[in-house]
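A.B. asks: Assemble the whole structure, with the sequences as input and the hints as a guide.
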Amino acid sequence: MVPTLVYTVFRAVLDGLLEGSLYALMGFGLTIVFRVTRVANFAHAEYVTYGAYAAYVAMVAWGLGLIPSAIVAALAVAAVALASDELVFKPLWRRGSTPLHFLVASIGVGLVLRFSLQAVAAAVPGYLNIRLPRFPPTLTVVGGKVAINVVHAAAPLLALSTTVALHILFTKTKLGKAMRATASNPTLARISGINVIMVRRVTWIIGGLLAGLSGFIISYYIQANPEVGWNFLLWMFAAAIAGGFTFYGTILAGLILGIVGQVAIILAGYYAGITTAYKPAIALVIMVLVLLFRPEGIIRIQSLGLRRRA
Amino acid sequence: MAVLLAENIYGGYGDSVVIQDVSIRLEKGEIVALVGPNGSGKSTLIKTIYGVARLFKGKVLFEGRDVTGLPPEVKTRIGMSYVPQTYNIFPDLTVQENLEMGAYIIDDPAKIADRMELVFSIFPDLKVFREKLAGELSGGQRQMLAVARALMTEPKVMFLDEPTAGLAPKIAIGLLKTLIRIREETNIPMLLVEQHARRALQLADRGYVLVSGRIAVEGRGDEILSRKDLQELFLGIQKR
Numbered sequence: 000m001v002p003t004l005v006y007t008v009f010r011a012v013l014d015g016l017l018e019g020s021l022y023a024l025m026g027f028g029l030t031i032v033f034r035v036t037r038v039a040n041f042a043h044a045e046y047v048t049y050g051a052y053a054a055y056v057a058m059v060a061w062g063l064g065l066i067p068s069a070i071v072a073a074l075a076v077a078a079v080a081l082a083s084d085e086l087v088f089k090p091l092w093r094r095g096s097t098p099l100h101f102l103v104a105s106i107g108v109g110l111v112l113r114f115s116l117q118a119v120a121a122a123v124p125g126y127l128n129i130r131l132p133r134f135p136p137t138l139t140v141v142g143g144k145v146a147i148n149v150v151h152a153a154a155p156l157l158a159l160s161t162t163v164a165l166h167i168l169f170t171k172t173k174l175g176k177a178m179r180a181t182a183s184n185p186t187l188a189r190i191s192g193i194n195v196i197m198v199r200r201v202t203w204i205i206g207g208l209l210a211g212l213s214g215f216i217i218s219y220y221i222q223a224n225p226e227v228g229w230n231f232l233l234w235m236f237a238a239a240i241a242g243g244f245t246f247y248g249t250i251l252a253g254l255i256l257g258i259v260g261q262v263a264i265i266l267a268g269y270y271a272g273i274t275t276a277y278k279p280a281i282a283l284v285i286m287v288l289v290l291l292f293r294p295e296g297i298i299r300i301q302s303l304g305l306r307r308r309a
Numbered sequence: 000m001a002v003l004l005a006e007n008i009y010g011g012y013g014d015s016v017v018i019q020d021v022s023i024r025l026e027k028g029e030i031v032a033l034v035g036p037n038g039s040g041k042s043t044l045i046k047t048i049y050g051v052a053r054l055f056k057g058k059v060l061f062e063g064r065d066v067t068g069l070p071p072e073v074k075t076r077i078g079m080s081y082v083p084q085t086y087n088i089f090p091d092l093t094v095q096e097n098l099e100m101g102a103y104i105i106d107d108p109a110k111i112a113d114r115m116e117l118v119f120s121i122f123p124d125l126k127v128f129r130e131k132l133a134g135e136l137s138g139g140q141r142q143m144l145a146v147a148r149a150l151m152t153e154p155k156v157m158f159l160d161e162p163t164a165g166l167a168p169k170i171a172i173g174l175l176k177t178l179i180r181i182r183e184e185t186n187i188p189m190l191l192v193e194q195h196a197r198r199a200l201q202l203a204d205r206g207y208v209l210v211s212g213r214i215a216v217e218g219r220g221d222e223i224l225s226r227k228d229l230q231e232l233f234l235g236i237q238k239r
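Protein sequences appear in the order of chains A and B. Using numbering that gives the first Met the number 0, read the first sequence as starting at 0 and increasing by one per residue. Using numbering that gives the first Met the number 0, read the second sequence as starting at 0 and increasing by one per residue.
Simulated from the structure, these hints should not be mistaken for laboratory data. Note that the coordinates shown come from a computational prediction; the quantities given were computed from them, not determined experimentally. Be aware that a few hints might be false.
[Unchecked claim] Simulated pairs of lysine-lysine, DSSO-like, Cα-Cα distance not exceeding 30 Å:
no.	chain 1	residue 1	chain 2	residue 2
1	B	Lys131	A	Lys171
2	A	Lys171	B	Lys126
3	B	Lys131	A	Lys173
4	B	Lys169	B	Lys126
5	B	Lys155	B	Lys176
6	B	Lys155	A	Lys173
7	B	Lys110	B	Lys131
8	A	Lys173	B	Lys126
9	A	Lys89	B	Lys56
10	B	Lys169	B	Lys155
11	B	Lys27	B	Lys58
12	B	Lys58	B	Lys131
13	B	Lys27	A	Lys171
14	A	Lys89	B	Lys58
15	B	Lys27	B	Lys155
16	B	Lys169	B	Lys27
17	B	Lys169	B	Lys131
18	B	Lys27	B	Lys131
19	B	Lys169	A	Lys173
20	B	Lys176	B	Lys126
21	B	Lys110	B	Lys176
22	B	Lys155	B	Lys126
23	B	Lys155	B	Lys56
C.D. replies: Below is the structure:
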């Protein structure tokens, strides 16, 4: 029996790494937008859904290949994210709204996005449950039991390369430093002559690109419906909160949450017969514990000045 | 011609008017002190002139150009500079990155390097800690960094809002002496807000005493200091 459990846990770690990479990519979008604009964006979940659908439309309706579909998903969602700022959050900000106003408005933006997509998806046959018609190939099968899919490798690689790219952006480029400066002290950023509107736009675009790519991976490997992003919302917030809304902390917390969540629910099922339906409880418990005992986040990466101001 | 002229300024926050009909000017190479009791509106006046607080009425001229109502980032781009009283550094950035952000509006890397050398020659401590996070600096070093950041753009006028706030007297006096040195080396006119009125008026060329949002007295620093009635009224608070 023991070898079976080992394989089961190995499978859970693999799946957890994949999910964790998604949490990291999504959570990072939440974090960067929150840090620069103070918007705790509940609509971020819907961006992920839009990414899944954009990839599907690109591949099925337009006949594009895999990579072009991923690019379409990323760009389409970047446009949606930018539009939500230009139409909703930026006007509110100009009127002096508080983070609470932003949060409530973001729930509204999310509802509008989700249900307008639902209306369209319900009207088009075959669009309520989607999955890209090209299933990702299996890389190898471990011990004849655990199949490692190409996405198991691709998602962590994407998270890793995103982290490296963002690290270069934040530490080597003037734009990236200006983004950190704006996150650190928005008023002083303006006083220093930084174009905070431009910084704001770039921030939303980056958040949107990452959400779009996450959506693409979901429709490629798992499956998507108009609520798929909404189902991830809890996890992306858990990643951002556990990471203390720091840039690297969120990415690391996302990966850890993915693995811990998956392994914990598998073991709970194995030993106590608890079904995977209870998995969201893990994210909730982690969030509650973090907020109770370490509201500044469990993972605080202070190097490179990317920490959160005390 | 005055470098900076603010005429009949009414300013404040939201709907509340804090500054009422205040006019000040700043001539070339001058250090002008803005003093007054707590809550008299010193910070608000600077913020209003710079476009951070709300300007209700009045006119701001910089080098003869009407800059009334221009947002702070534009004021910085045309040669003005401002050191806020609080939140005057980027705590999550290193010292060097703080200075780079101070020079955000400069595109020429050689010029940025020159400015950084100048700033490091004035504040050698900052050079030592250039890789350190600004949020981890001591109070005195933070204020040095705040002033240094504002110097990076090669400004033509500087507003300093209580740069010595919260510093030990010895460090505060050191910083004020550095301001005089900066003026001597760069000839930048400065408008200096100070809690410690005596200290400020001693080093300033001229001073304004602000009380309840209005200018109560203006004149040469030593003149204001020598007026017995003012010492009782406005400056007595600062006596130790």
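A.B. asks: Each of the hints needs a verdict: does it hold here or not?
C.D. replies: Hints and how they fare:
no.	hint	verdict
1	B/Lys131 with A/Lys171	16 Å, holds
2	A/Lys171 with B/Lys126	20 Å, holds
3	B/Lys131 with A/Lys173	19 Å, holds
4	B/Lys169 with B/Lys126	21 Å, holds
5	B/Lys155 with B/Lys176	20 Å, holds
6	B/Lys155 with A/Lys173	24 Å, holds
7	B/Lys110 with B/Lys131	23 Å, holds
8	A/Lys173 with B/Lys126	20 Å, holds
9	A/Lys89 with B/Lys56	27 Å, holds
10	B/Lys169 with B/Lys155	29 Å, holds
11	B/Lys27 with B/Lys58	19 Å, holds
12	B/Lys58 with B/Lys131	41 Å, violated
13	B/Lys27 with A/Lys171	38 Å, violated
14	A/Lys89 with B/Lys58	29 Å, holds
15	B/Lys27 with B/Lys155	9 Å, holds
16	B/Lys169 with B/Lys27	29 Å, holds
17	B/Lys169 with B/Lys131	24 Å, holds
18	B/Lys27 with B/Lys131	35 Å, violated
19	B/Lys169 with A/Lys173	37 Å, violated
20	B/Lys176 with B/Lys126	19 Å, holds
21	B/Lys110 with B/Lys176	26 Å, holds
22	B/Lys155 with B/Lys126	24 Å, holds
23	B/Lys155 with B/Lys56	25 Å, holds
Hints 12, 13, 18, 19 from the list above are not met by this structure, while the remaining hints are.
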